[in-house]
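Chain by chain, the residues:
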Amino acid sequence: GQQLNQSPQSMFIQEGEDVSMNCTSSSIFNTWLWYKQEPGEGPVLLIALYKAGELTSNGRLTAQFGITRKDSFLNISASIPSDVGIYFCAGIIQGAQKLVFGQGTRLTINP
Amino acid sequence: DTAVSQTPKYLVTQMGNDKSIKCEQNLGHDTMYWYKQDSKKFLKIMFSYNNKELIINETVPNRFSPKSPDKAHLNLHINSLELGDSAVYFCASATGFVYEQYFGPGTRLTVT
Chain V
1 GQQLNQSPQS MFIQEGEDVS MNCTSSSIFN TWLWYKQEPG EGPVLLIALY
51 KAGELTSNGR LTAQFGITRK DSFLNISASI PSDVGIYFCA GIIQGAQKLV
101 FGQGTRLTIN P
Chain G
112 DTAVSQTPKY LVTQMGNDKS IKCEQNLGHD TMYWYKQDSK KFLKIMFSYN
162 NKELIINETV PNRFSPKSPD KAHLNLHINS LELGDSAVYF CASATGFVYE
212 QYFGPGTRLT VT
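If you're matching them up, the sequences are chains V and G in order. Under this note's numbering, the first sequence has 31 at position 31, and the numbering climbs by one with no breaks. Under this note's numbering, the second sequence has 215 at position 104, and the numbering climbs by one with no breaks.
None of these hints come from the bench; they were simulated from the model. Even for Gly, the Cβ is constructed at its ideal location relative to N, Cα and C. Be a bit skeptical, because a hint or two may be false.
[Claimed, not checked] Stretch-level coverage of chain V by chain G, calculated; a stretch enters the list once three of its residues show a Cβ under 8 Å from a Cβ in chain G:
id, segment
1, 43–50
2, 93–99
[Said to hold, decoys possible] Derived Cβ-Cβ restraints for the label pairs, each shown as a range:
id, chain 1, residue 1, chain 2, residue 2, range
3, V, P81, G, I166, 36 to 44 Å
4, G, T221, V, I67, 23 to 31 Å
5, V, T68, G, N128, 27 to 35 Å
6, V, N58, G, I166, 47 to 55 Å
The following block holds chain V by itself, in its conformation from the complex (with noise of 0.2 Å):
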């Protein structure tokens, strides 16, 4: 069954706004990864985190490992057109050797 619920489901912003995201679970992660989705693409990966309270960026992208290990959020800065697609958590539990995917946030923007 779904392991990971991700929030929001679908976003609508201007752009230049922030936006963040984000994932949870009531299990225990070892790794936490994003990804987005564009239209007739497969996933991209933007961003890994491998250790509780790991911070990393991706240019305006930013992502962090929750320190519950239970938990991850992503946040874009100063949205732009080309930032539109589906945003897909996805997280490796302790002692998985699978990803286990959100739902996907689908982020609209407004220019």
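Here the structure of chain V is known, so what remains is to put chain G in place on it, guided by the hints.
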């Protein structure tokens, strides 16, 4: 110089047919995966292979059979296609089991 490639991009077929999707990666990774993405965009793992050996089989119907001729290729064969098989299928690869996975462009399968 595509890292993970899949063919075909689109596949339209009738119920009951048998079809295959091919995947190749040139990243030198030793683990490959098949995922299914449903109409609500939910991604779920189906299979994982490491060095041509099946590692994960996520309660997928027996009609689905992955085959890995070498560690750079992982194909997916589907027998007796059903309407519910319509989805986008993604191949992915990684170094080892638990590291960053890189996805192909997907194959949109439509069963009529």
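Outcome of range test on Cβ distance (T68(V), N128(G); 27 to 35 Å): At 48 Å between Cβs, range violated.
C-beta pair P81(V), I166(G): status relative to the range 36 to 44 Å that was hinted: holds, 40 Å
C-beta pair N58(V), I166(G): status relative to the range 47 to 55 Å that was hinted: violated, 29 Å
Coverage criterion applied to the segment 93–99 of chain V (partner chain G; beta-carbon cut 8 Å; 3 residues): holds (count 3)
Pairwise beta carbon distance, T221(G) to I67(V), judged against the given window 23 to 31 Å: violated, 45 Å
Proximity test - 8 Å, beta-carbon atoms, the segment 43–50 of chain V to chain G, at least three hits: holds (count 4)
When each numbered hint is compared with the structure, violations occur for hints 4, 5 and 6.
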